[in-house]
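Enquirer: Residue strings, one per chain:
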Amino acid sequence: AQSVSQHNHHVILSEAASLELGCNYSYGGTVNLFWYVQYPGQHLQLLLKYFSGDPLVKGIKGFEAEFIKSKFSFNLRKPSVQWSDTAEYFCAVMRGGADGLTFGKGTHLIIQP
Amino acid sequence: DSGVTQTPKHLITATGQRVTLRCSPRSGDLSVYWYQQSLDQGLQFLIQYYNGEERAKGNILERFSAQQFPDLHSELNLSSLELGDSALYFCASSVSGMRTDTQYFGPGTRLTVL
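Quick note, the sequences are listed as chains A and B, same order.
Counting from 43, one number per residue, gives the positions in the first sequence under the working numbering.
Counting from 4, one number per residue, gives the positions in the second sequence under the working numbering.
The hints are simulated quantities; they were obtained by calculation from the structure and are not laboratory data.
Don't take each hint at face value.
For lysine-lysine, the following DSS-like pairs were computed, each having C-alpha atoms within a straight-line distance of at most 30 Å [unchecked claim]:
hint, chain 1, residue 1, chain 2, residue 2
1, A, Lys147, B, Lys12
2, B, Lys60, A, Lys113
3, A, Lys113, A, Lys91
Cβ-Cβ distance ranges computed for the label pairs, FRET-style [unchecked claim]:
hint, chain 1, residue 1, chain 2, residue 2, range
4, A, Ala58, B, Asp4, 28 to 34 Å
5, B, Thr16, A, Glu108, 40 to 46 Å
6, B, Glu78, A, Ser47, 32 to 38 Å
7, A, Glu57, B, Thr115, 34 to 40 Å
8, A, Ser47, B, Gly87, 20 to 26 Å
9, A, Pro121, B, Asp4, 24 to 30 Å
10, B, Thr105, A, Leu98, 15 to 21 Å
11, B, Glu78, A, Tyr81, 35 to 41 Å
12, A, Ser60, B, Pro73, 49 to 55 Å
Since we're looking at a predicted model, the values are computed, not measured.
From the three backbone atoms N, C-alpha and C, an ideal C-beta is built for every residue, glycine too.
With the sequences and hints as input, model every part of the structure.
Expert: In structure tokens, the structure reads:
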């Protein structure tokens with residue numbers, strides 16, 4: 043079965059630190075990849091998505107992600123985090139054909155001022 | 004605000020009961036998705052509708068059913084409720100239901116089964 047793995051369940055960083063959240067998926071066919079964020083008390087919001095083309099994708103709020111096909115990975119990065127980045131981050135995969143998103147378990151990110 | 008609305012925000016009920024959760028998609032979106040978020044299972048896809056027709060099914064239990072009405076709002080019906088059905092239920096909508104679409108999520112309905 044298709045699965046999505048997020049390596050870190052909890053991450054604590056200080057402001058201005060660099061961030062990298064890992065995401066690996068197990069599906070071998072064509073996939074579309076997404077990162078969603080859920081700020082405290084808010085709904086899930088799309089950070090960025092990858093369908094094809096340039097494997098380095100830029101999203102909102104300074105986030106970017108790199109698709110490495112050979113590693114089945116789609117890691118999220120931000121060079122300098124802010125306190126307001128404290129949130130739950132979800133990696134998700136949509137495989138070819140009609141289907142819903144398969145989500146990872148999420149990473150709870152806490153940024154300390 | 005994503006433009007997707009869900010009612011009610013909270014629902015508390017007893018085992019064996021039946022409840023209905025409602026979702027209104029963003030204006031112009033034809034496809035609706037339902038997801039369940041629980042502590043042990045995480046976020047799981049339940050079912051997708053497009054313009055009134057069922058398009059895809061995920062891990063939806065037989066006790067659960069959904070429909071999408073002509074005005075495009077959707078309802079998720081949960082029956083014979085069990086303690087393990089306690090979860091956050093999200094609705095999402097997208098323009099065409101294609102895999103390249105962005106899904107916009109609602110605020111969720113928190114269901115507590117006592």
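Enquirer: Just pull the numbers of the violated hints for me, sorted ascending.
Expert: The structure breaks only hint 11.
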